[in-house]
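Peer 1: Listed below, chain by chain, are the residues.
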Amino acid sequence: MTKKLLDIEAIRRDFPILRKPLPKGLPLTYLDSGSSAQKPQCVIDKEREVYENFYANAYRGVYRFGAIVDEELEATRERIRKLINAASVDEVVFTAGTTMSLNMVASGWGRRHVKPGDEILINEMEHHANFVPWQQLAAATGATLRFIPLTDDGRLDMSRLSEVLTEKTKLLAVTGMSNVLGTINPIGELAARAHDVGAFIVIDGAQSVPHGTTDVATPGIDFLAFSSHKLYGPSGVGVLYGRKELLDETDPLLFGGHMIDRVYKDHSTWAGPPAKFEAGTIQIAQAIALGSAIDYVNAIGFDAIHAHEQQLMQHAHKRLSEIPGMRIYGPGPEHRGAIISFTIDGTHPEDLAQLLDRRGVFVRHGHHCTMPLHDLLGVSATVRTSFGVYNSQADVDALLDAIQFAREKLRVA
Amino acid sequence: MSVSFDLTIDDIYEEFEELVDWDERCDYLIDLGFDLPELPEAAKVDEHKVHGCQSNVWLVSEITPSDPPVVEFVANSDAMIVNGLIAVLMALYSGKTPREIIEVDPKVVFAKLGLERQLSPLRRNGLYSMVDRVRKLAVEAEASK
Ligand SMILES: Cc1ncc(COP(=O)(O)O)c(C=O)c1O
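In the order they appear, the protein sequences are chains Y and R.
Using this note's numbering, you'd call the opening residue of the first sequence number 6 and step up by one each time.
Using this note's numbering, you'd call the opening residue of the second sequence number 10 and step up by one each time.
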């Protein structure tokens with residue numbers, strides 16, 4: 006732990022919320038970036054700038070402010086395109102978030118293309134957002150939902166992939182990184198194997214996009230969904246990437262303004278993507294400020310972010326493992342990203358989270374929208390710590406101190 | 010069932026008065042939780058589960074054949090702070106007649122204890138799920154009189 010990868014102190018100064026002490030002067034130890042990340046000043050400023058200087062509706066007016074808003078939105082779209090290496094900005098759709106993006110694929114593409122007897126392949130580590138829409142799609146179309154088996158340490162069992170990925174598989178939906186186990190999935194290999202059998206691949210990038218480089222071109226990802234709010238951007242905005250040919254064959258989920266080509270009294274025709282999927286007024290200021298969040302992470306660099314977070318996670322993993330009664334779920338540090346979920350024998354996650362809060366340590370507890378995974382793990386809840394670019398060794402120290410405090414209160418230490 | 014549980018809501022009010030802040034009260038709730046009468050493992054089944062809580066809560070109750078009949082119950086959670094809240098509910102309700110239970114306004118009690126303010130909405134929902142369960146029992150007992 007000697008090499009200093011990032012100037013964490015400087016990064017922390019970019020996040021105003023981290024500089025404000027909690028009541029009683031406690032410093033904030035924010036370990037819930039996997040739920041939602043804090044926002045740097047530049048993102049906050051950008052959103053305010055929109056409202057203070059040039060706010061207007063998007064894609065509606067030719068007057069000055071309307072034109073600036075359109076330009077800014079398109080500049081963000083271009084930044085997103087570059088971020089994920091999409092071929093065209095027409096493949097980048099603004100949505101309300103990962104959940105909406107995945108539902109758009111499941112309903113808009115799935116109901117049109119999935120047929121009775123087809124198979125949809127998911128796995129038990131998926132977030133409900135990448136689980137329930139496919140379950141619903143299968144029920145609606147007569148397709149079968151199948152599951153890639155997991156290994157005992159919570160990875161996809163690639164040695165058994167061919168048992169479930171077959172000519173019958175229409176679509177494989179998988180998360181880039183588990184929001185509970187931290188498992189990083191081999192997306193490139195999965196995409197290649199899916200395409201080998203003629204299946205399409207949908208990536209839930211909610212957890213993976215904020216922590217490393219994303220490239221939809223190289224392994225050939227068909228659809229990708231992610232959220233701005235986990236990427237240090239505003240809440241309420243997300244992205245759906247889809248290959249152009251696929252978006253052309255995807256039905257819109259919402260109908261209304263902006264998404265049409267021509268409306269007649271008895272029928273309507275649609276605009277091309279992305280407008281086809283952006284009915285109504287989108288989250289204007291938030292979408293624009295997502296562009297600033299992307300600039301922010303790019304300026305630090307995803308390689309540096311990834312290296313820093315991995316180092317922190319490894320350190321936390323090692324220290325947490327030394328605590329008596331500690332059970333960490335998921336693979337070893339070499340196969341996971343910056344998320345660690347655990348339980349401590351003789352304590353309940355809800356008590357732990359509440360006692361940690363008293364030490365200013367913010368973690369999440371519960372099933373984290375992964376009930377099937379928790380069924381598999383045999384626990385109803387876990388405590389989850391997740392790390393972002395601004396977390397430091399001091400946060401890990403605070404976590405360990407707070408856990409010791411909680412263990413004493415709960416009489417297991 | 011015959012549980013020995015002597016704590017009254019006035020005892021809890023008194024104790025809360027002496028404690029300076031929510032942290033200390035939270036510690037006290039945890040202590041109460043540790044002293045809660047335990048349900049046998051066999052009672053921790055779905056039929057006794059209280060839904061709407063984040064942690065598992067099981068509640069077993071009965072109307073005693075005494076005169077007047079009273080509602081007795083024991084609840085247990087796998088979370089210790091919730092067990093503390095259960096102790097508050099038991100102090101408030103257990104061993105009371107259905108009429109007495111119906112007449113208590115739990116909102117007033119929880120406000121006096123600062124629980125309305127300190128508990129997160131999720132927690133508060135869980136607490137009220139337990140309250141609803143007990144009150145429903147009391148209402149049914151009153152109705153069948
Ligand atoms: C893996 C994963 N998928 C999907 C989601 C849903 O994201 P959102 O709530 O932004 O739609 C989350 C967020 O918790 C997640 O972690």
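It is worth saying that the hints were derived from the structure and are not from the lab.
By construction, the Cβ of each residue, glycine as well, lies at the ideal position given by its N, Cα and C atoms.
Be aware that one or more of the hints could be misleading.
What the hints assert, rightly or not - Just a sample of chain Y residues kept apart from chain R, beta carbon distances all over 10 Å, derived:
no., residue
1, P26
2, A144
3, G371
4, S385
5, L415
To be verified - Partial list, derived from the structure: chain R residues whose beta carbon lies under 8 Å from chain Y:
no., residue
6, D32
7, E33
8, D36
9, I39
10, F43
11, V59
12, H60
13, Q63
14, N65
15, A88
16, M89
To be verified - Far from chain Y, some chain R residues (derived; all Cβ distances over 12 Å):
no., residue
17, E24
18, V91
19, L131
20, R132
Peer 1: Going through the numbered hints above, which ones does this structure break? Give me the numbers in ascending order.
Peer 2: 3, 4, 5, 7, 11, 12, 18, 19, 20
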